[in-house]
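**Q** Chain order of the listed sequences is C and F. What the first sequence shows, in the numbering used here, is residues 1028 to 1285, in sequence order. What the second sequence shows, in the numbering used here, is residues 46 to 289, in sequence order.
Please note: incorrect hints may appear among the correct ones.
[To be verified] Straight-line alpha carbon distances no greater than 25 Å define the calculated SDA-like cross-link-like pairs of lysine to any residue that follow: (1) 154/F <-> 1138/C; (2) 152/F <-> 1137/C; (3) 1105/C <-> 157/F; (4) 1043/C <-> 152/F.
[Claimed, not checked] Below, a sample of chain F positions facing chain C; criterion: calculated Cβ distance under 8 Å: (5) 46; (6) 48; (7) 52; (8) 58; (9) 141; (10) 144; (11) 145; (12) 152; (13) 191.
[What the hints assert, rightly or not] To list a few chain F residues with every Cβ distance to chain C over 12 Å, as calculated: (14) 107; (15) 247; (16) 268.
It should be emphasised that the hints constitute simulated quantities derived from the structure, not laboratory data. Glycine included, each C-beta is placed from N, C-alpha and C at the ideal position.
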Amino acid sequence: MRIKLHVWRQSSRSDKGHMESYELDNVVEEMSFLEMMDTLNEKLTVEGKEPVAFDHDCREGVCGMCSMVINGEAHGPKSKTTTCQLYMRHFDDGAEIFIEPWRASAFPVVRDLVVDRSAFDRIIQAGGYVSNHSGPKPDPNSIPIEPNIAETALDAATCIGCGACVAACPNGSAMLFTSAKASHLGLLPQGQPERFDRAKSMVSQMESEGFGSCRNYAECEAQCPKGISIAFIGRLNSDFLKASLVEPIDRRGDMKAQ
Amino acid sequence: MNRIQTLYKSIIGKKVIAAVTGLILFGFLLGHVAGNLKVFTGSNDQGIPHIDEYGQFLKVAGEPLLPAGALLWSARLVLLASVILHITVVVQLAMLSAEARPVSYVKSKKKAASLAALWMMFSGSVIAGFIVFHILHFTTGTIQLGEFEHGYVYNNLRSSFSNPFVAGGYIFVMVVIGVHLNHGVWSMFQTLGIDNPDRNKFLRTASTAVTMAIILGFIAVPASFLFGLMPEAANYAHDLLTGH
């Protein structure tokens, strides 16, 4: 099949960048989207041009590295699918395809389609952990967990941290990522001790990274390759509100009667 | 107080403020539409339209426990503060979000965001402008679009809304308010963390249903006057209403 590509080219962080058009006529339907990109790069290399830089790693939909906005949608037109799991059969012959990097001030473009997502790592560092004792290994299943809670926590934990939510959000908000990461720990008994501090510190880190505010569009959920629900955003809102207004108050001290 | 300040500074806190002030304003609309529907209930045995009586009641509500006007002005202050806070936090958040996406996409596509949600700033601006206009029109009488005399609510409505441009304008703005509320009311539940997958359908349906009811109630008034369905009110002396 023949396709026409419009790809964002930017040689460095400081370069202004521009869209460049390429035509490919040896694309096969069975190719994955990234294999099509490899074909483009082979062609560019043969022509003595600079290949397109893009992030990729596992190519099986779990690592969260591939990050392309394809025809205006994060990870392309197929829902609940990462770019690497997208196949050229999802496009028509003669299709025109626009490929752009994630757009957010918190995700600066490093080169072409590669963005720096360290902001997510810093949000995790701020509170995406639980404290465990380092003593003897506990018995398996020694802490009972209600099955629905365990399943909900697992749903949140399917977040691969790719950043599609930020790319999809008209406001460049990272609430879906932050709420998924805060919730998969905050739902479980092991995550309770830090639950409210976690909500506060992760939100505060998210703010200082320069992500936008959530306007309840649900665009993140629709474009998330793992289909993570905005229910987690509501949960983080609620935890943050409790954390800010009621929860971790030091209530030690004497009281007098009268 | 420290906690409120911290909350105000955070983006979630600002959204919570938008949600709570939105709830206050929504409550006001419920009261407003209930009062408006009094135009359809007719007049008392002295010939005073019920809506005129209701207008007078609002002025003196709270008497004799509170001085006349105290309750009315307290409500007005709460509403004014809510409007100001609602607009302030929303504009602050919009500015922050504009900074978060400095380069826009060449091609962008929306999969889930509703038009109501995407146009909240526009509908909100129309509503803000309308609030000012509406007060100058029917409360103070500064903008004359028909005969206007303080206290004679029914006649003032009848005179203004017999003009198709005035009635049409009001109906248009009511639709805009409806669009704003359709996203806004549900959004409040989500922002406050009340919505969940098990109640999502109910909350969304309920938000739309209540919004529709309110907006149809509001539209009924100018529409009825416009189509000449409303009888002329009897002339009555103003002191009959105020009682002195």
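**Q** For each hint, tell me whether it holds in the structure or not.
**A** The hints, checked one at a time:
1. The suggested pairing of residue 154/F with residue 1138/C holds, with an alpha-carbon distance near 24 Å, which does not exceed 25 Å.
2. Taken as a hint, the residue 152/F and residue 1137/C pair is honoured in the structure, with Cα atoms around 20 Å apart against an allowance of 25 Å.
3. Pair hint residue 1105/C plus residue 157/F holds up; C-alpha atoms about 14 Å apart against a cutoff of 25 Å.
4. With a C-alpha separation of about 18 Å, the suggested pairing of residue 1043/C with residue 152/F holds against the 25 Å cut-off.
5. This hint is violated: residue 46/F has a C-beta 12 Å from the nearest C-beta of chain C, more than the 8 Å allowed.
6. Here the hint on residue 48/F is kept, as its CB sits about 6 Å from the closest CB of chain C, short of 8 Å.
7. At its closest, the beta carbon of residue 52/F sits 5 Å from a beta carbon of chain C; the interface hint therefore holds under the 8 Å criterion.
8. The interface hint given for residue 58/F holds, since its Cβ lies 7 Å from the closest Cβ of chain C, which is under the 8 Å cut-off.
9. For residue 141/F, the interface hint holds, since its Cβ comes within 8 Å of a Cβ in chain C; the closest pair sits about 6 Å apart.
10. Interface restraint check for residue 144/F: the shortest CB-CB distance to chain C comes to about 6 Å, inside 8 Å, so the restraint holds.
11. Interface hint status for residue 145/F: upheld, as the beta-carbon distance to the closest one in chain C is roughly 3 Å, under 8 Å.
12. About 4 Å separates the beta-carbon of residue 152/F from the nearest beta-carbon of chain C, less than 8 Å, and the hint is met.
13. Restraint check, residue 191/F versus chain C: the minimum CB separation of about 39 Å is more than 8 Å; hint violated.
14. No beta-carbon of chain C comes within 12 Å of the beta-carbon of residue 107/F; the shortest separation is about 31 Å.
15. Chain C leaves residue 247/F outside its interface by the beta-carbon criterion, the shortest separation being 14 Å against a cut-off of 12 Å.
16. Here residue 268/F stays apart from chain C, with its beta-carbon at least about 32 Å from theirs, past the 12 Å limit.
In summary, the numbered hints that this structure violates are 5 and 13.
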